[in-house]
Each structure stands twice: as structure tokens, then as C-alpha cells.
Amino acid sequence: MRYHILQRLDAEDNLALLFNAYMKPLFMLEQTVLPRESMREFRNLLNSAAGLSPTEEAAQRLQWAPPRLYQLCVLDNSLTDLHKHIHWALKALTKFFAEYEGDLKRYAIETRLKVIDEFGSDDETDWEETGILDEEGEPEWKVVYKDDEASLQRYSLHNDLAQHFAAPDTMGERIGTSKAGDFAYFSDVVARATSFNPLKMLRDFTGKDLPVYHPNDEGQMIPESLGDEVERELNEDLRNESIVNYFHLVLNEAQKTAAHYHACQTSKDFRLLLTQLEQLRDVCFF
Amino acid sequence: MLFLIFSFSIMRPDTLVPIAATDPLAQLFNQYLKGLSCTDSLFTPRLSMRECRRRFQAGKPSPTARRPMTEYARVFYELTVLHQSLHDLHACVAGAVTLLEDFFTTYQGDLHRYATENRRASLQRYQSPESIESEDAAAEADEFGEDDADSLTYYTLQHELGEFFCGPENDINGEYIGSSSSEDFAFYTRIVATQADHTLHKHQAAMKRIFPTRYRTGPNGEREPLPLGEQLEEDLNADIRNARVANAFNHVLTTCSAAAELYTHLDPDVVDDYRLLLEGLQLILHTTA
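Line by line, the protein sequences are chains H and C.
Residue numbering for the first sequence follows this note's numbering, starting at 1 and increasing by one per position.
Residue numbering for the second sequence follows this note's numbering, starting at 1001 and increasing by one per position.
Hints listed in this document are in silico derivations from the structure and should not be mistaken for laboratory results.
It cannot be assumed that every hint is accurate.
As the list claims (entries may be wrong) - Calculated from the model, a selection of chain C residues having no Cβ within reach of chain H, i.e. all distances over 10 Å:
(1) L1123
(2) H1159
(3) R1216
(4) T1288
As the list claims (entries may be wrong) - To give a feel for the contact side, a few chain H residues facing chain C, derived at Cβ under 8 Å:
(5) A11
(6) P35
(7) M171
As the list claims (entries may be wrong) - Rough simulated footprint, nothing fancy, chain C against chain H, three-plus residues with beta-carbon under 8 Å:
(8) 36-46
(9) 128-135
Every value quoted in this text rests on a predicted model; they were computed, and no experiment measured them.
Virtual Cβ for every residue (Gly too), placed ideally from N, Cα, C.
Looking at chain C on its own, in the form it has when it is part of the complex (with noise of 0.2 Å):
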């Protein structure tokens, strides 16, 4: 099966992209996704249209096809949720650590300043051509009460946050810092960690019942057979990286949830709170494998 898809003249890139960004987060997120590749081409469609109307109406597995269209189906739609939730999640953790970094220097940490100064930047993005240009549009403003509560309720740091939480009242479907759990990742959160039972040569080896020779390149660049004390070592070094970037990965969305918890918990007008948050999104930011 692997070697039918690697045989195609055209290939359809895999559905898990890689998160273009360098933060130790995407880092880590870019190497789980690495870890799911052989799930990833498993599942990514690559039929013709006329054999995928042929599975799809056979209802059952053909011989090529273990299983059922319908579990491909759904795979390859969870794939693309999973892909979508972690470049969601990071998105959501590099523009909350933004937000409040920009808070502490910008506006040095004063609340009642941000909430005006974004008003005002706010409107003036959203006003007409023509209200900017009059020049009493600063004094109209300054008419309609910048400062009491009231009007500042939309553009407090509280509120500005809320887009990158799931809250009680974010009830937008898609995912954000807190919305998911470790366990709602667990079976892809395993193929990470055990993937390393699952490479060629094992495969090989369990196929034919033999053990086959592994090459490395020698410093004059031939190829040369890899002994096999080193070949086991190469093997469980593989499993102690794969189990760190699954512990990793776990650590993230516990500490994600624990965010989302300060989140909603804080004193919108206590500037300690928001350092606090800060603090625990940067942990998350650069935590690596």
C-alpha cells in the first residue's frame, strides 16, 4: 500500500502543513504532526474520482481497502479538525502573548489607558472617510463619554483577550486556548509516542522474520553496516525522543487548560492577574520536547 502511494507522478500534499513559525510551540506542535505522517498519507485522499464513487457505493472494504470508505472518511476529517486545532491553539497563544506583551510595554501595564487609547483607535478605523476628515470628530468623541465604563466595555483588555479563550460566552465552534483537553488527543498523542514501533526495517523485520541491516554513512561517505548494539540504541533513543514530545504535547494542553481557567477567573482590574497570565503563556510559548 505504502509503496502504491509513493509511485504516484503527482501527489497531493499531505493534509497535516507544518506551522510556519519558529517559536519552541510550533516547534513542538510542527514535530507532533511530523510524528503522524504515516497516518497522514494513510488517509489522505489519492483515488480517482471514478474509484472513489466505486468504494463509496460498495459500502464494504475491497481487497486493496481494509476498511470501509466511511472510516477513511472519517479519519481523514479528523486529520483535518486535528490540523485545524493545532494551528488554531498556537495562533491563539502567539497572539495572546502579543497582546498582553504589547499591555506591558506599549501602555505599561495601565488598564484604564489601553481601554481609551484601543476605543479611539477603534473607532477611528471604523469611521467614515468623511467623519475623520472633520476636524471636530476627536471633540465628538470626547461628547460621547470615552471614559466612563459604559463605552469602554468593548475595548477593555479583558474583552480583546476573550477572542483567544474559550469561555463560558465563547460559544463560537473551533478550537482556542482550554478548549481541548490532553484526552481529546490521546489516540493521535500515542501514534506520536510509539511511532518508532511502526518504522520500515520493524515492519520488515516482523515480515520477513529476519533482522535487516541498517546503514549509516561513514565519514568518507560510504555506506556502512550499523552494528547491532547501536542499531537498538538508535531505536530506543528514538522512543525516549517520541515519549518527550507526547509528554510535551500533553504538559501544553494541560497548562492551556489551566490558562483558560486563570482567564476566566480574573479580576478584570487587577494588573498582577494579567502579568500572571502572561507568565503561564509564555511557559506555554516555549515549552519544547
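So here's chain H without its partners, still in its complex pose (with noise of 0.2 Å):
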């Protein structure tokens, strides 16, 4: 069983679609971080790098791969994460439009009814008796009916979706969290993925022309010309940028979407939040 940190998103929409294209390229990062030493082959390496004669190579190795394997996992929580997030504050949000036909206070107080009934409530006034005795012969509790301002505040569709956003002190991935400069290291590895190609690697490494073969309309292999290689290539470039691009504007969006969720306080605000993240999840590109 082979390890991995980067894991493609198993959805079909645009955004998962955008997200799998920027780790496409990633993939061969990973390969280059991911550990491949037994445990003493650590051991030697990390004695190696800070013993009494270290080896470059090994103070290279820990200075290189580490830091990267890290921030590599931390990029894929952070795209499964955003994903998510985006996706349950769409579901919490349609919801609100389809259930509630976008009445902001009749969601609050419904809401309480059903979480209070739920998970109990320490506060007395919160419950009524029934005037119903049940089997046992005790009088049975319900919920009181409450739609004053103070009660509701805790069960506000606000309130909900607040943990899909980007506040003060939250820890982890949420919409709005991270920018575009948070991922610049990786963004840089995608948008120049051609030049770090395997084949042109061995080509370099081995001095020899390494071609390319590509079926052609009978079915037969034949090898690529230097002509179609660097038109290929040229393609390529454009698309690994244009991913990369889209996926800025995502991020840049999701900020200001953010800001936006922030400020909500009519059905109207909620309303263009829902299209804002609509608009995040069916990003077109290229």
C-alpha cells in the first residue's frame, strides 16, 4: 500500500473539477516529498545531517522534503476543506429559500424548537408542560414557543453559517480564509509543470532524443515532430496558467464573498450570498 497526501476530489462539479485540474500537476511534487526510506534510512539521514561531520546532501534532503510534505498536506486540506465548506453553506442556505421561502425569523424560531427538542436546553422557561400525563402517569415537557429578539439570537441562519466562513481565531480551512499569495509556491510549481516534465528530465539526464509517440488516424505509432512537441507544449503552458489564474479568482472571490456573509442581515443579502456562492461552485474555465 502506497501513501498518499494529495487526493483528488470525487465530485463532479466545476470547482471540484478546478481543483483536481491545479493538483494534476502537483502530483509530481509528491512523488519527489514522500518519504521513501525505511526507518533506519531515517535515522542515518537525520544522524547524517546534524552529526558531528554533516553531508550536505543530507541537511538538504531534511531542509527540502519535510517543510514540502507538510505544506502539501496542508494544501490538500485546505482545497477539500474550501470545497466542503462552499458546498454545506449552498445546501444550509437553499434550504433556507426552499423551506423557509427565505423568512429569516420564522427560521430562527423554528430552528430552536427543533435543536432545543433535540440536544435539551438548561434554562427553565425554555419548557411547558403539556397538561398530557404520559403511560408512566408523569406529566410530559415541550418546548415554549418563543419569538423575542434575546432567544432567537443563538438560532439565526447567521449564526449557522458562521462556521463555514472566515472569522477572527478560527484555526483550519473555511471560505474566505486563505488568499492567492497564501498559495504562491504551489501556483508557481502548476503554472510551470511543462518545464518540469519527467521525459524532458531523462531527456537532459541522459543526453539522448527521447521521442514522443502518438497514435495518428490508421492506429499507428508514430513519433512526434519537434514542431507538434513545442505547439503541445505551448498549450499546455496556457492551460496550467489559465488554471492557474481561475483558481486565484476563485480565492479572491471566496474573500469577498466572505466579507460579504459578514455583512448579511436582510433575506435580500442572503439571497445574493446564495448566487455569489452558486457562482463559486460553477466556475468556467479555460
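Mind assembling these two chains? They're in different frames, but the hints should get you there.
Rendered as C-alpha cells:
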């Protein structure tokens, strides 16, 4: 069993496709940073990097691989979490408009009754007797209907959505947490992926002309001409650049969406939030 | 810190995933991995990209993290190495045992028969579909001399076993039987053995300078406080249990080194040497804490 850090998102929406396309060139990087050592080889590496006569090779490997492995893991978490948060927020908002017809107060009142009924409440004023006795002759209790501002505050739609959006003192990736600049290192790798092509490295390394074969219309394998190769690489470069640009666009838009969320007050505001999230999910790229 | 981790809505699964097998060795390795779950939770990344970049750029420890990021990264890397090591080592032991058992049952311990049949099967597997269809394929194979020692070199039992052992010529990186010794795991084995010192209630006791009451579930499902004597006994038992896991683990690695030694020095033509190796490996596979 081989261990993997990057995992493709298992979804079909455009956002998932974009994230998967962004991750694709990074699988090469993953291969170079994933540990290949046995426990002993790693001990030896540590010792030769920090021992009496440190070797440059060991020091370089230790300086290079572990931070990148860690960051790659953070990247994978970020993309997965961002995708999930966008979908969860969308689900909550869609439900709000479908079931509660965009009525913020009704949403809060009904959510309060449901939550207290399921999870209980320490506040005695939240409970009243129904006037009916149950099978054991004990009085039955039900949740008291309340619609004043103070009692409903904790059950508002705004409150329910808070877990999906960035706010000070939150950890982990949410909508609007990270900016495009935070992904700079990986975006650079993606944009320049063509020059990290393993075949090209092999060519440089062996000094030999290694042609790429493609099937022609009759199904015969014919070598790719230099002109075709240059054109293909140019297209790949353009595609990768475009992926990075759209990825940054999504992050920037997520920032704006998070800012808008914090200012949301009316049902109309939430309708706009829903539209913005849908645009994030349906991002059209290349 | 721990509280913060558990309050996340989404959590990355931990790095140390248990081995999906039911044999005693897998159970032992899984107990070992479970003993490291606290370390695992602390060092598996759960930051946002923004926070991660900020901390790596700052270079020095932030008020919330006591260690520099490079150390977090190093331990995470090492946990990944450890995770792969145990999974690979288990796969190697199980694989070698299956191969040897198959040799003694299917091939009844006949080394020559094993090599010739293995060669034929392997050639058939990698032959192009056309040559399999041709009727003289078998005749052709015979023509190329199936029986001489030279053409059987890469199909002998000793050669097939090579993929599971760390021999002098096996210079591929990674964990095989005999790659690492128990000292290479010493740091983590110590954590496994002393994990009971780091339980939540012990930390509470140290911080609040009180002895918090622990509870158990009574016969009728109600919670009742555990008497002090029984608390001490429980801790003692946990210590003994963990020490046994650590000891058994060390024993497995020592035996693995011995098995690798046995493999390196075995006479490729002596069936009894293979039987000895199989017995040794079966012992490893059935080690319990």
C-alpha cells in the first residue's frame, strides 16, 4: 500500500474540476517529497545531517522534503475543506429559501424549537407542561414557543452559517481564509509544470533524443515532430497558466463572499450570498 | 491545544492508519500505532494555507505553537516514514510466509519444480498474446532450455524471496524484513510504553493539583465513581499492557533482523533452510503482546 497526500476531490462540479486540475501537476512534486526511507535510513539521514560531520546532501534533503510534505498536506486539507464548506453553505442557504421561503424569523423560531427538543436546554423557561400525562402518569413537557430577539439570537441563519466562513481566531480552512498569495509556491509549480516534465528531465540527463509517440488516424504509432511538441507544450503552458489564474480568481471571490457574509442582514442579502456561492461552485475555466 | 483540534468541524484523518489485516502481527502493529495517536494528532497538519505560510515565514515559534514549524514538519515526515515502515514490514512478512507455505504445499518442497513452473508461468504471463496462441509456444520454450541452472536463476525460490528482504544487493529504499532494528524505533517505542503517563486525567491532576474522580459504568448503566485503589490498579494495568506491546514490538524487529540474516546465509539448494526460515517468519507473524 502506498501512502498518498494529495487526493482528488470526488465530485463533478466545476469547482472540484478546477481544484483537481490544479492538483494534477502537483502529483509529480508529491512523488519527490514522499518518504522512501526505512526507519533506519531516516535515522541515518538525521544523524548525518546533525552529527559531527554533517553532509550537505542529508541536510538538503531534510531542509527540502519535510516542509514540502507538510505544506502539501495543508494544501490538500485546504482544497478539500474549502470545497466542502462552499457546498455545506450552499445546502443550508438553498434549504432556507426552499423550506422557509426566505423568512429569517421563521427560520430562527423553528430552528430553536428543533434544537432544544433534540439537544435540551438548561433554561427552565424553555419548557412547559403539555397538560397530558404519559404512560407512567408523569406530565409531558414541550419546548416553549418564543419569538423575542434575545432568545432567537443563537438560532439565526447567520449564526448557523458562521462555521463555514473565515473569522478572526478560527483555525483550519474556511471560505475566505487564505488568499491567492498563500498558495504562491504551489501556483508557481503548477504554472511551470511543463518544464518539470519527467521526460524532459530524462532527456537532459541521458543527452539522448527521446521521441514521444502518438497514434495517427490509422492507429499506427508515429513519433511527434519538434513542431508538434513545441505547440503541445505551448498549449499545456497556456492551460496551466489559465488554471492558476482561475484558481486565484476563486480565492479572491471567496474573500469577497466572506466579507459579504459578515455584512448579511436581510433575506435579500442572503439571496445575494447564495448567488455568489453558486458562482464559486460553477466557476467556468478555460 | 488538544481541545482546539477536536473542536474542528472537518478533520483530516490521522496519518497513522491501522493495517487492514487480522493476523496477530497486524494487531500488534495497530496497538503500537494506537499508542502514538496523541503524537499523531499533534503533528498531523490541520492549519489553513494562510496560517501555514505565515508560520513557516515567521521561522520562530508563535505563541500558540511551542515548536518551530520545521520541527512540526520533521516529526510529520517521520510519522509518515513510520506509518509506511510498519505497513511495508507487515506486508513483507505476510508475503514471505504465503510464498513459503505455498512452496511447501503446492510444490511439496521441490526447489527445481518450483523454479521451472515459476519460469513457465512467468513467461506465459508476459508473453505477447500472439505467441501464446501459437501451438509451438511450449515447444519453443523447451528449445530454449528450461531446465538448466542459468535460465532458472531469476525464477528460484531464493530469488523470489528477495523482494521481501533487505539484503546486501537490495539497495532500493524502503522498509523490508531486516531493514531497521528496534533502536531505530526507540524514540516512538518509548512513547508507546509510557503513554499512560500522558492521559488526560493525569494532565488534569498535574495542572489543578487535585486527583480528579474517574467514573465507570455500573451494572445498571449508571455512572459511579471509581475507588482510588481501583484507579491505581487500572493505571498499573495500563502500564503493564503498554510495556508488553513495546516489548513484543522490539522482539519482532530483533527476530526480523535474525530472519534477514538467515535469508542472506541460506544455502539455496537446501530445503531445510527454507523450512527454518518459514518457521521463524511464522513466529513473527503470530507474535502477540
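These are the hints, each one checked on the structure:
no. : hint    : result
1   : L1123   : holds, 25 Å
2   : H1159   : holds, 21 Å
3   : R1216   : holds, 24 Å
4   : T1288   : holds, 22 Å
5   : A11     : violated, 15 Å
6   : P35     : holds, 5 Å
7   : M171    : holds, 6 Å
8   : 36-46   : holds (count 8)
9   : 128-135 : violated (count 0)
Comparing the model with each earlier hint shows violations of hints 5, 9; every other hint is respected.
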